[in-house]
Amino acid sequence: MNVQHCPPLNALRAFEAAARHGSVKLAAEELCVTPGAVSQLLKTLEAYLGVQLFERASRGICLTEAGRSYHPAIRNAFRQIGEATRRVAVQADDGMLTVSATPFFASAWLIPRMQSFRDAHPDIDLQIVASSAPADFQRGGVDVAVRHGMGRYPGLRSDRVVTVAMIAVAAPQLVEQRGWPGGAADLAAWPLVHDAQRKGWALWFQTQGVAGPAAPRGPAFDDSGLLLRAVLSGQGVGWLPAAMVAAELDAGQLICLAQATQMEAFAYYLVCPEENADRPRIAAFRQWILDAAA
0 MNVQHCPPLN ALRAFEAAAR HGSVKLAAEE LCVTPGAVSQ LLKTLEAYLG VQLFERASRG
60 ICLTEAGRSY HPAIRNAFRQ IGEATRRVAV QADDGMLTVS ATPFFASAWL IPRMQSFRDA
120 HPDIDLQIVA SSAPADFQRG GVDVAVRHGM GRYPGLRSDR VVTVAMIAVA APQLVEQRGW
180 PGGAADLAAW PLVHDAQRKG WALWFQTQGV AGPAAPRGPA FDDSGLLLRA VLSGQGVGWL
240 PAAMVAAELD AGQLICLAQA TQMEAFAYYL VCPEENADRP RIAAFRQWIL DAAA
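Numbering that gives the first Met the number 0 numbers the first residue of the sequence shown as 0 and each following residue consecutively.
These aren't lab readings, by the way, just hints derived from the structure by calculation.
Check each hint, because a few of them may be wrong.
[Said to hold, decoys possible] Once the Cα atoms are required to be at most 25 Å apart in a straight line, the calculated SDA-like pairs of lysine to any residue come out as:
#1 K24 / D118
#2 K24 / H4
#3 K42 / A83
[As the list claims (entries may be wrong)] Now the in silico label distances, taken between C-beta atoms and shown as ranges:
#4 R197 / G139: 41 to 47 Å
#5 G49 / G21: 37 to 43 Å
#6 G154 / P121: 29 to 35 Å
#7 K42 / P102: 41 to 47 Å
#8 Q79 / P279: 18 to 24 Å
Here a beta-carbon is modelled for each residue, glycine too, at the ideal position from N, C-alpha and C.
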């Protein structure tokens, strides 16, 4: 081995990820390559170093003594590279802030207020990405995200922006089939359409003092627009923001089956990595959106 040269960087990345996960498969998913590619990179690194770094285990792989000795230095090296990159990125700020927001929040709340942000911060250009999928802050180019849920996102700073009134709605044909529900207990037996986390209905039944279904069966969607389409087609009762379904209620396409409910914990949250929270653009956007919501 030529000690004056660094091993191949891709092989080191594969080693660090595999060592951290204890799994070739999970390392491959993180690096967006195939497990076979990760295995080949690990073999390349072992051949370069002339030592065995991993052993097969019953549930994946485990580090050898040499691997355990090598991993902390490689892990810290990548951490230092990441921190240095973030510092340089802040210095080379191009004035762009990428905000990932759920489609409903973006169209109904954020976009109508964007001029206020531009007036307050003319040096920052917002780029809005409409998505309900988990935000990829490392590889997706997203600076901050707005998501609807409980606000518990490990490793991320989470600030509650706004709590919206939620109502239970169903298509007229479903109500005609099932009859008018006598209360929350009756709705527990109806087909339900869920948010991706399957938390909304459970929270609502809890506020009504009713034991909801033991297992939250039925389709689930990570986008409220898709959830609404499923409700409109008669697939079940949906628990949706009242403002989102106002037009459908007025047109008779949906029927409200329960009074509007606001639960403080189930809200729209602004989230970003803890280590990026104090970057000037992010801090400015956070302060603006919280002030606007207040």
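Structure-based check of each hint:
no.: 1; hint: K24 / D118; result: 48 Å, violated
no.: 2; hint: K24 / H4; result: 29 Å, violated
no.: 3; hint: K42 / A83; result: 29 Å, violated
no.: 4; hint: R197 / G139: 41 to 47 Å; result: 24 Å, violated
no.: 5; hint: G49 / G21: 37 to 43 Å; result: 23 Å, violated
no.: 6; hint: G154 / P121: 29 to 35 Å; result: 32 Å, holds
no.: 7; hint: K42 / P102: 41 to 47 Å; result: 44 Å, holds
no.: 8; hint: Q79 / P279: 18 to 24 Å; result: 23 Å, holds
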